[in-house]
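Throw the hints in and build the complete structure from the sequences for me.
Protein chains: 4
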Amino acid sequence: MEHTNIDNKIQLVSHMGDDLSVVNAARKSYDKCSSEMSQRDIDLLKYMWNNKHTSPFEFVEFTFLVKCPIPIAKQWMRHRTWSYNEISRRYTDSNIEYYVPDPFRKQSEDNKQASIDEPALDDQLYHPTYWKYRRAIKSCFEAYDALLKDGVAKEQARFVLPQAVYTEFYAKTDLSNLLKFIRLRIGTDAQWEMQQYAKQLLEIIEPIVPHTVRLFKEEMNIE
Amino acid sequence: MEHTNIDNKIQLVSHMGDDLSVVNAARKSYDKCSSEMSQRDIDLLKYMWNNKHTSPFEFVEFTFLVKCPIPIAKQWMRHRTWSYNEISRRYTDSNIEYYVPDPFRKQSEDNKQASIDEPALDDQLYHPTYWKYRRAIKSCFEAYDALLKDGVAKEQARFVLPQAVYTEFYAKTDLSNLLKFIRLRIGTDAQWEMQQYAKQLLEIIEPIVPHTVRLFKEEMNIE
Amino acid sequence: MEHTNIDNKIQLVSHMGDDLSVVNAARKSYDKCSSEMSQRDIDLLKYMWNNKHTSPFEFVEFTFLVKCPIPIAKQWMRHRTWSYNEISRRYTDSNIEYYVPDPFRKQSEDNKQASIDEPALDDQLYHPTYWKYRRAIKSCFEAYDALLKDGVAKEQARFVLPQAVYTEFYAKTDLSNLLKFIRLRIGTDAQWEMQQYAKQLLEIIEPIVPHTVRLFKEEMNIE
Amino acid sequence: MEHTNIDNKIQLVSHMGDDLSVVNAARKSYDKCSSEMSQRDIDLLKYMWNNKHTSPFEFVEFTFLVKCPIPIAKQWMRHRTWSYNEISRRYTDSNIEYYVPDPFRKQSEDNKQASIDEPALDDQLYHPTYWKYRRAIKSCFEAYDALLKDGVAKEQARFVLPQAVYTEFYAKTDLSNLLKFIRLRIGTDAQWEMQQYAKQLLEIIEPIVPHTVRLFKEEMNIE
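Residue numbers (our numbering), protein chains in the order written: chain A, -7 to 215; chain B, -7 to 215; chain C, -7 to 215; chain D, -7 to 215.
Hint data in this document are derived by calculation from the structure and do not stem from the laboratory. A few of these clues could be false.
Each pair may be met inside one copy or between any two copies, as identical chains are not told apart.
As the list claims (entries may be wrong) - In silico BS3-like pairs for lysine-lysine, Cα to Cα no more than 27 Å straight-line:
(1) 209 with 141
(2) 38 with 124
(3) 124 with 172
(4) 44 with 59
(5) 66 with 172
(6) 44 with 130
(7) 141 with 172
(8) 66 with 20
(9) 38 with 141
(10) 172 with 59
(11) 59 with 20
(12) 141 with 98
(13) 20 with 191
(14) 1 with 20
(15) 98 with 130
(16) 130 with 209
(17) 98 with 44
(18) 191 with 59
(19) 141 with 44
(20) 1 with 66
(21) 172 with 20
(22) 1 with 59
Rendered as structure tokens:
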């Protein structure tokens, strides 16, 4: 199955705590009852944020279910403070989905890392290069199926799969490390696709930790 | 460039310490002079090993330069106690090498994880499936080159590259975590290619920490 | 305030997930509805346990509020996979509580690490050494108060406080790393006080992850 | 044995790599020969520093032997990216050294965390509070000895030891995490004693990684 977008590929599985948990952790208090942030709580949260007292922010936890292409997963998993559990193509050979950028973006001239917000192929759907891409992908899947049919081990057959295939994983981290992740991955020097994932993460957690997200957005100049 | 084997794909860049460093760490002693292990040192090393006092083994450090296919790199980097620095296909588009298993191994029947030590394709070099694999790979590289030529950003063009391409990375860890890695990856339930990397790591460190490796091999029943 | 026991010094602040979360993480499934473990779920949990697939167990999270003497806190915080937030005697000078073992235990003869389950002081409450202990503690607190009164910084005055004083901290970790902690700290080679904390942790989590705790107890031969 | 200063309490046990190792890690190059930094190397180092590409700085490693009072050790070991191996007062009862601040510093009025650079006790050596401190310490050691003599387990007897006692530990980390540690601990909001340790660390590594330390000092406005 082909995807030309990467929207809505993150689900929040569960979470522990909210803005108030950060404040409680800072105070080492044990207070299950209070459910609303007082002005004093908000002030303390802001004080910790501004003074980079990050430990209390580690006491809010999130579990996500993520679907993304291989190179994005590789970048993601470089973050060593998360827990991960990924599907393995050593076991699974069905329901393989993959990503086709629409549109492909132009290589930046002055910065060799980034892409720019301009389509690279005129009239992409009718462009020969686009079809070359799709034929290559198709050819890979045919070879993969043939290898499996001939009894080749899945763990080796998968070498012919393109990096465009989606992988899926559980990913869990705390609020402090999540915001470090987003800070690093939401900027324009991150891969464009990665930026979209970072934005989705921020949207997902905003209703849970609205005060912290506001402080983060102010710092990052995000509206 | 095509590789049909994965031998000699790990280089030792540098290391800090040896068996004696483990013993010194255990004793919190500061002794630069002694360069040979006494019988007392060997006995202490063995005692710590048998009683799983792993902290002192963290005081020996190794840096490797590794070249391996994408799925192996992904498994490797799941280990969160290592430091990594990887080449990025967001910048680099040249010297792309890839892996062709020779021979492809059979899927195990009774254990869906593993491959078995038997060729899957009769007379692989003349087998149509093998050529399908190679044509798919070739078709991917052609599409990749066409995308780059049309100005598509490298970070997106790479989606069409097969997972067989080699990546290259610096990887650093300590002796304790290195042996945990090898213990997990040298067994027959690990991917066959990964087992070969684990074996190479063990061979590389053996001259540096011979006493520790002997204890490890005895525990694992490796000759 | 003096404490002669270390019972009930751990409170569960909050947690995320249960046995079923482990199973869901293993399946990368997104299933909020099911609330009971089926036999298939239990079998999968057992399979992962026996095969040391520890990653899925990282998707259950616990936050505790712990009160313990300094040396116990030091041992605890050697575990680097937890999050901590501790009260600081650089700020706080009130409500200092401390621990008096009752009874003091005998030094083991044959194992220089452990204490044995036998009182060291005959008739402890009337034993001169016991009163020497209490006078020393009292003398420390008097010196501490005098230093503060004379305007000495709290961060330096505290050097005279005995290690028996309780510290208090928030501590958060996942189920997999929590069980590693308990496994290491519940054994008779751990400090006696630490064993009691490990036992309390196990009791606290048992109602939340009963199936996992059963597997753990079977492995450890705990009733 | 009493110490009235905390100078020279850190020894460098060993290290791996230097400024050039950072550059080589960034380039994923394998170059054992070059031993001097070219201008190109220096420029790359600076580029990585300014753009917070911290991974390559993880490929230089240091092992230290540290002696410090308990509260400093506790702060130190909150850093979870280090390896530690500490002497244990569960085994050892001899050669106990301790720290007496000279002079005790005044509590800051406007900032409850810090001490200020002014003596708190007039003519400290003749001040009754100072002697109260020393008597309390002495009384602790006497109680400790009496407990041991009566057969109390070392692991419990130590509860009466003051927090001023020195502990000793092996500590190992990489350049990137070491500089994060120093950045956090060298500032005036850190405990005064901790600042001295941070300064010593910086002095010790300066001859090994002079280019990196220069960049660090420029950033921190340290001369």
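Tested hints:
Within a single copy, residue 209 and residue 141 get their C-alpha atoms no closer than 52 Å, and across copies no closer than 38 Å, so neither meets the 27 Å cut-off. In this homomeric assembly, residue 38 and residue 124 never come within 27 Å of each other (Cα to Cα): the closest approach is 53 Å inside a single copy and 41 Å across copies. Taking identical chains as interchangeable, the C-alpha atoms of residue 124 and residue 172 are never at most 27 Å apart, the minima being 38 Å within one chain and 44 Å between chains. Proximity of residue 44 and residue 59 under a CA criterion of 27 Å is satisfied inter-copy only: 26 Å between copies versus 32 Å inside one chain copy.
In this assembly of identical chains, the alpha carbons of residue 66 and residue 172 lie at most 27 Å apart whether taken from the same copy (17 Å) or from different copies (22 Å). For a Cα distance limit of 27 Å, the shortest separation of residue 44 from residue 130 qualifies neither inside one copy, at 50 Å, nor across copies, at 38 Å. Taking the shortest Cα distances, residue 141 and residue 172 never come within 27 Å of each other, neither inside one copy (45 Å) nor across copies (36 Å). Only between protomers do residue 66 and residue 20 lie at most 27 Å apart by alpha-carbon distance; the minimum there is 18 Å, versus 37 Å within a single protomer.
Within a single copy, residue 38 and residue 141 get their C-alpha atoms no closer than 60 Å, and across copies no closer than 33 Å, so neither meets the 27 Å cut-off. When the C-alpha separation of residue 172 and residue 59 is checked against a cutoff of 27 Å, the pair qualifies only within one copy, where the shortest distance is 21 Å, while the shortest distance between copies is 29 Å. Taking identical chains as interchangeable, the C-alpha atoms of residue 59 and residue 20 lie at most 27 Å apart only when they sit on different chains, with a minimum of 10 Å there against 37 Å within one chain. Taking the shortest Cα distances, residue 141 and residue 98 sit within 27 Å of each other only across copies (11 Å), while inside one copy they are farther apart (39 Å).
Taking the closest pair of Cα atoms, residue 20 and residue 191 come within 27 Å of each other only across two copies (22 Å); inside a single copy the shortest separation is 32 Å, beyond that limit. Proximity of residue 1 and residue 20 under a CA criterion of 27 Å is satisfied inter-copy only: 14 Å between copies versus 36 Å inside one chain copy. For the identical chains of this complex, residue 98 and residue 130 are neighbours both inside a copy (24 Å) and across copies (24 Å), given an alpha-carbon limit of 27 Å. Neither within a single protomer nor between protomers do residue 130 and residue 209 lie at most 27 Å apart by alpha-carbon distance, with minima of 42 Å and 46 Å respectively.
Within a single copy, residue 98 and residue 44 get their C-alpha atoms only as close as 38 Å, which misses the 27 Å cut-off; across copies the closest is 26 Å, which meets it. Taking the shortest Cα distances, residue 191 and residue 59 sit within 27 Å of each other inside one copy (15 Å), while across copies they are farther apart (33 Å). Taking CA atoms no more than 27 Å apart as the test, residue 141 paired with residue 44 passes in neither setting, with 56 Å inside one copy and 32 Å between copies. In this assembly of identical chains, the alpha carbons of residue 1 and residue 66 lie at most 27 Å apart whether taken from the same copy (16 Å) or from different copies (20 Å).
Taking the shortest Cα distances, residue 172 and residue 20 sit within 27 Å of each other both inside one copy (24 Å) and across copies (25 Å). With identical chains, the CA atoms of residue 1 and residue 59 are at most 27 Å apart within one copy only, with a shortest distance of 5 Å there and 31 Å across copies.
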